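Next come the chains, spelled out residue by residue.
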Amino acid sequence: GQSLEQPSEVTAVEGAIVQINCTYQTSGFYGLSWYQQHDGGAPTFLSYNGLDGLEETGRFSSFLSRSDSYGYLLLQELQMKDSASYFCAVSLDSSYKLIFGSGTRLLVRP
Amino acid sequence: ETGVTQTPRHLVMGMTNKKSLKCEQHLGHNAMYWYKQSAKKPLELMFVYNFKEQTENNSVPSRFSPECPNSSHLFLHLHTLQPEDSALYLCASSQGTEAFFGQGTRLTVV
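Taken in sequence, the protein lines are chains E and S.
The numbering used here runs 3 ahead of the 1-based position in the first sequence.
The numbering used here runs 74 ahead of the 1-based position in the second sequence.
Just so you know, these hints were derived from the structure itself, not from any lab.
Computed from a predicted model, the values in this text were never measured in an experiment.
There's no promise every hint is true.
Restricting the straight-line Cα-Cα distance to at most 30 Å, the calculated cross-link-like pairs of lysine-lysine (DSBU-like) are [as the list claims (entries may be wrong)]: (1) S:Lys115 with E:Lys84; (2) S:Lys126 with S:Lys115; (3) S:Lys114 with S:Lys92; (4) S:Lys93 with S:Lys115; (5) S:Lys96 with S:Lys126; (6) S:Lys114 with E:Lys84.
Some but not every residue of chain E turned toward chain S, in silico, with C-beta under 8 Å [stated by the list, open to error]: (7) Lys84; (8) Ser97; (9) Ser98; (10) Ile102.
Some residues of chain S that are not near chain E, with every Cβ distance over 10 Å (derived) [what the hints assert, rightly or not]: (11) Lys93; (12) Gly102; (13) Glu158; (14) Ser160.
Glycine included, every Cβ here is placed at the ideal spot set by N, Cα and C.
The shape of chain S in the complex, shown without the other chains (with noise of 0.2 Å):
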């Protein structure tokens, strides 16, 4: 257990679909990340939050939404999504030079 709660930890959705991500985490951090991790790629950096306010998008599609609505907790939420944005998503924290991870959610699209 890490600190920083990922749910739901997996998830089955249709392109047509609408469905969210949620991050949790109760370590005080002011940072928080959302990042993609596909096969055989580097974790992708997507979104970065300092404060509650957006900091970083990485080029991300707009299918990707996100929203910090306090500092604890990080939303994605996803729609239209396509087959290859199936991936693991990871949310992470940090303050400092340690970044802290959620167990992530598995992501498939069909």
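The following block holds chain E by itself, in its conformation from the complex (with noise of 0.2 Å):
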């Protein structure tokens, strides 16, 4: 089976960095996507890492280690806005459809 493990919640403070953190184990390993949700709207994407490393986007970043089956999500400078779901997702294979974590509820506090 495909199994993917993340925190249920995470509270911080606005201003402060959170780091997300997403262990695997699946059948197969072509990527680590992270995922964004606010309630009541899609999914949205927000990063992909193919190879170890650090990605930068802005305020976000994420990284994985691929012999330590492990990634995690790093937001710095935290928004209000930035209150949402944050999900991690695998690809399996190259047609890269997704396997996706639970999700980590992300809340920030004035």
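Hints are included, so try docking the two chains, each in its own frame, into the full complex.
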């Protein structure tokens, strides 16, 4: 079976930095993605890591270690609008179909 | 607006009804997907279509029947559903590492 583990909830204050971890055990691995979903909204793509290392996109960064089957999403300079659920997802093969984790609900407090 | 449109946004149906969910994308993507999102559970991959051909059926009960008449449209036909099938049904399309999701259909089975 496929397994992706991430914390269920994280709380942080505005302006802070938060890291959301994801560990995975899957039958195949092509890359790790992160998606953001606000309540009532569609998941939207944040980042993709196909190779080990850090990818930076503005306030968001994502890291992958294939040897550790581990990745994380780093959110800096948190804003209230960052309150949402964040999902890690594994692409099992080159078709990029995604298997998702259960999501981490991030609450940003003033 | 992500370029993927789903209708209807909300649907209430009885267990003996037959209904269909519709998904449309004009992003030129070759792959389309149906996902089920239930409360406190990961997004569950249901079906995958590549170039209009179904490439994956993730052990989905036969009361869910997908149809992909062309690369822009995807349907999910529903019949004799159970109350536990109540969930948010998300359609997505992709070509590469990024998936684009529709807003989903909130389905309630009574």
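Here's how the hints hold up against the structure:
Between S:Lys115 and E:Lys84, the direct Cα distance comes to roughly 23 Å. Compliance with the 30 Å bound is thereby established for this hinted pair. A hinted pair counts as satisfied when its Cα atoms are at most 30 Å apart, and S:Lys126 with S:Lys115 qualifies at roughly 28 Å. Simply put, S:Lys114 and S:Lys92 have alpha-carbon atoms about 27 Å apart, close enough for the 30 Å limit, and the pair holds. For a cut-off of 30 Å, the pair hint linking S:Lys93 to S:Lys115 stands: about 24 Å separates their Cα positions.
For the suggested pair S:Lys96 and S:Lys126, the alpha carbons sit about 15 Å apart, so the restraint of at most 30 Å is met. With a C-alpha separation of about 22 Å, the suggested pair S:Lys114 and E:Lys84 falls inside the 30 Å cut-off, and the hint holds. With its C-beta approaching chain S no nearer than about 18 Å, E:Lys84 sits outside the 8 Å limit, and its interface hint is violated. Here the hint on E:Ser97 is broken, as its CB sits about 10 Å from the closest CB of chain S, past 8 Å.
With a cut of 8 Å, the hint placing E:Ser98 at the interface with chain S holds, because the nearest CB-to-CB distance is about 6 Å. A hinted interface residue such as E:Ile102 counts as satisfied when its beta carbon comes closer than 8 Å to some beta carbon of chain S; here the least separation is about 6 Å, so the hint holds. Here S:Lys93 stays apart from chain E, with its beta-carbon at least about 21 Å from theirs, past the 10 Å limit. Residue-level check passed: S:Gly102 sits 15 Å from the nearest beta carbon of chain E, beyond 10 Å.
Distance check for S:Glu158 against chain E: the nearest CB is about 18 Å away, which clears 10 Å, and the non-interface claim stands. Distance to chain E confirms S:Ser160 as a non-interface residue, since its nearest Cβ pair spans about 16 Å, more than 10 Å.
In summary, the structure is inconsistent with hints 7, 8 from the numbered list given earlier, while agreeing with the others.
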